[in-house]
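Participant: This is what each chain is made of:
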Amino acid sequence: MIPEIGNFALMVATAVAVVLGTLPIIGAARGNVRWMELARPAARVLFLLVVVASSCLVASFLHDDFSDVYVANNSTHALPLPYKLAAFWGGHEGSMLLWLQILSFWIFAVSIFSAHLPREMVARILGVMGLVALGFLLFIILTSDPFDRLLPAAAEGNDLNPLLQDPGMVVHPPMLYMGYVGFSVAFAFAIAALLGGNLDATWARWSRPWTTVAWTFLTIGICMGGAWAYYTLGWGGWWFWDPVENASFMPWLAGTALMHSLAVTEKRGGFKVWTVLLAIFAFSLSLLGTFLVRSGVLTSVHAFASDPRRGVFILLFLATVIGGSLALFAWRAPKVGLGERFEMISRESMLLTNNVLFLAAAACVLLGTLYPLILDALGLGKISVGPPYFDTVFVPLMAPALFLMGLGPLARWRKANLPEIAARLKWAFAVSVICAVVVPLVEGRWSPLVALGILLAAWIFGTSVVNLWSRVRPGAGGELRAKLAALPRGYVGMLVAHVGVAVFVVGVTLVKGYEVEKDVRMDVGDTVAVGPYTAKFDGTTEGEGPNYAYLRGQFEILKGEHLVRTMHPEKHQFNARNEPMTDAAIAPGITGDLYISLGEAVSQTAWVVRVYYKPFIDWIWCGCLLMAAGGVLALSDRRYRLAQRRATSSDVTEAGAASGA
Amino acid sequence: MDEPMRGARLHGLRACRAARIFAAFALILAALTFGAVAPVSAREAPEVGEDPAAERHMMQLAAELRCLQCQNQTLADSNAPLAVDLRQQIRELLAKGESDEQVKQYLVARYGDFVLYRPPLKSNTLLLWFGPAVVLLVGLGALYLTLKRRLARLDSAQSNPQVADAESARAQHLLEKEVEEGGLS
Amino acid sequence: MSPLFKSLRFLLPLFIFFAIAGFLLKGLWLDPREIPSPLIDKPAPEFRLQSLEDPARQIDRKDMLGKVWLLNAWASWCVACREEHPVLVEFARSSAIPIVGLNYKDTRVDGMRWLAQFGNPYVTSLFDEAGRVGIDFGVYAVPETFLIDKQGVVRFKQIGPVTPELLHEKILPLIQRLNA
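For the protein sequence lines, the chains are A, B and C, in the order given.
Be aware that the first sequence starts at 8, since it is given in this note's numbering, and climbs by one per residue.
Be aware that the second sequence starts at 223, since it is given in this note's numbering, and climbs by one per residue.
Be aware that the third sequence starts at 13, since it is given in this note's numbering, and climbs by one per residue.
Isolated chain A, as found in the complex (with noise of 0.2 Å):
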């Protein structure tokens, strides 16, 4: 009963969705009030009716319905709890419904925060979006259906994949599709901005907090995705530029080089077209990933089982959402007139040449990716591009972005003072250069590629230093106290998200350099030295757990002759598959990790065990949460709660009186 009222539901949602996406469209070109008034009831009915359907695959999973086919491959009845919630999206079916759930819910959030906004925008904005998301709708039922009945009804599921059954499976994917797809908003931005022809300052004022928080949860999803790999797969990795991964890595370079863009579109006005073609991009990269996860058409671990008649439907959902926005920019952007002037060498051009830079990169990550299937297409040979070239290739691109992210922010709008920036950055520099010396000899070997990654992490640290500096530092206009206190949080946030690179680049470069792999034999009592540590095995104990029995090792570690802790790495064997899973042990530390994994039995009570040290990684993740971090203190900067009070009220000095702005 309850797949079929599910399926019930996604189909009154397509009606709605059709609605949605035609008629405020047209009524907006039309002057048609009624028409264009149909948005927001209609946005907000469509999410209505996609969450009674997720509640619906919700309740299954709860119930055990193995009569539901999804159900049936992805759960069983010993399944635990957070683990049924997530198994929603833990294949192609589900994950296609928790892609439109959020659709939806992004349509909701603007249906709600759009009051400020003219009639024709939020029209052609939601309507856009309906769009898309009838895309989806169709997607699903004639392809992709959660709700298809197995009958008769299985006595027990397959199960997850016990490569999935992890914390990080219930939050990652949610994560990383409200980031992915909260670009549809930026998107339906750009589209209704250049069906109107109004593309303005005001136009890049209104798209940017969406995209900000669109970008926020995307850099939060891949350094989870980064996290979980590390944390869960027991080989010590965190990225393997693997088609799956660059399929979100894309979006977000776009995403970051539209972030800066709207700033330069807003303050100056200037660029807009560029602006609109990178909310084209960021949007167009996503579906795009979500293409090859599910098509077949590039091999990857994450990717969901293949067919070509799914991959020809998205492709062709793909030719029109893309082929479409592209070709309405090149119809409508060449009249977009140009805004306020700036010198070539100003924060515009900085910004700008960011731009440039980060596109390139996307483009290049686009590049490795896609290139053994233009060779393989083409008849000109098979071959891979794997994490040697994209090492090789990226490094060169990205270093020069992260030089400019110190001197941009000290730019000044219009024309930049260039002597006056190395005057105030030369000790910054000098500093810079005496870490990228000393820090790789104090690890114990200087390396010319750990030297640049210390010389631009310290780069961006001192200049952020040096920037906060100059508008905090006591003398006229206040105290440190009061200034403090006064510094915009769209500026406070933009300085904690470039720290988070620079911490995010120390990580990545000092455990590249310095990180220390073992395969060891160990038999009760022996011990391995790693990194700083010695480890010393003790021998394994069985156990049983909820759909799974287990074995786990006993490690004691030392630093010297003081016990430090206890780690306990794990074999899983699952119930119902027949590869058992390696669970290794994670010890965290600010200066280092170490990593114990259980390979193989070779006698009675000897193992083969994977030890390593790894150096500073926790600050990769620690990195990509403070870039996240300063996407949230952006997002909370003053104007956009001006905007909104000003928008809703019209007394806009009771408003004020009375929140005691």
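Check the hints yourself; a few may be wrong.
[Said to hold, decoys possible] Taking lysine to aspartate or glutamate and the EDC-like style, the derived pairs with C-alpha atoms no more than 16 Å apart in a straight line are:
hint, chain 1, residue 1, chain 2, residue 2
1, A, K525, B, E277
2, A, K543, B, E269
3, C, K162, C, E58
4, A, K525, B, D299
5, A, K566, B, E266
6, A, K525, B, E266
7, B, K370, A, E350
By construction, these hints were calculated from the structure, which means they are not laboratory data.
Let chain A serve as the given structure and place chains B and C on it in line with the hints.
Facilitator: Same frame as chain A, but now just chains B and C:
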């Protein structure tokens, strides 16, 4: 002391303070890493394999090679039967004194370029290896030209003033608001 | 800047997208994990293995020169091999082309039992317990079948089960050309 001198002196003081804060940070960083002292070993477990150094060499090589029976994994990480066999084969080749390049050629002769995660530089990968640099140069060049042209257009537009550029006026208004609210960001 | 170029500039992203979409469309019918053999039109690798049936008997590359023959990699643990086996048995009955099996990473007992159960189309099977000859031939996923000509040059490789269609459309015509 006249203005420029005082300005310069203040500026120097400012920079000094910043440098001091920053040096402190560098020191803390160094102290943390120094805290990671050299290890002590009791009864050291043997590294897997006859010759640990050779084993590590093999794994380094295997990390750049592709497992052919897997979705997307290196020969070093995979437990697929063929990966185990190929790792053993590489061990033997290295023991015989073959170089990294020769080992790669051995595998390429049997499985093609697909087995290399670092695509070889050949006529069909020129675009791959040089593409990013080309894109970057073209992008920066295009940016430069566009900015120059834009300045020229704006300059000629100024000599023919536009009537009622409403959007530009609105942007200006917002910009002034921005400056008021103290946002340089 | 000419007006034409100006408007074309804006179409560039669209053109690039269509190019990418074209490749993606083509890619839907390609298999990203199928590895074409670098041995095509190159001499088959040297090998010398015991026969599966008779450990005392050794077969090497030279023994097969002078005739067109098929080398079929199989194993008792390989599920897809069962799919193609009847096709090979039928082919062996009706054709003069010898099929030599390559028993890949198997045990003699299991291999012999499998042949007894499903039929033996092979003039003999090479017993490649360690899989080394398999590696030399670039085997990565049994079943795989090679067509080798009179000079010992590999002319065709099939990855995956041999189907009757494949036999008729690709292998038989090629055999005819090679025998001519």
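Participant: All hints, please: hold or fail.
Facilitator: Here is how each hint holds up against the structure:
Distance hint between A/K525 and B/E277 is fulfilled; the C-alpha atoms sit about 10 Å from each other, no more than 16 Å. With a C-alpha separation of about 14 Å, the suggested pair A/K543 and B/E269 falls inside the 16 Å cut-off, and the hint holds. Our distance criterion of 16 Å between C-alpha atoms is met by C/K162 and C/E58, whose separation comes to about 15 Å. Simply put, A/K525 and B/D299 have alpha-carbon atoms about 13 Å apart, close enough for the 16 Å limit, and the pair holds.
Annotation: proposed proximity of A/K566 to B/E266 holds, straight-line Cα distance about 14 Å (limit 16 Å). For the hint pairing A/K525 with B/E266, the CA-to-CA distance comes to about 12 Å; that is within 16 Å, so the pair holds. Using a Cα cut-off of 16 Å, the hinted pair B/K370 and A/E350 holds, with the two alpha carbons roughly 9 Å apart.
Of the numbered hints listed earlier, not one is contradicted by the structure.
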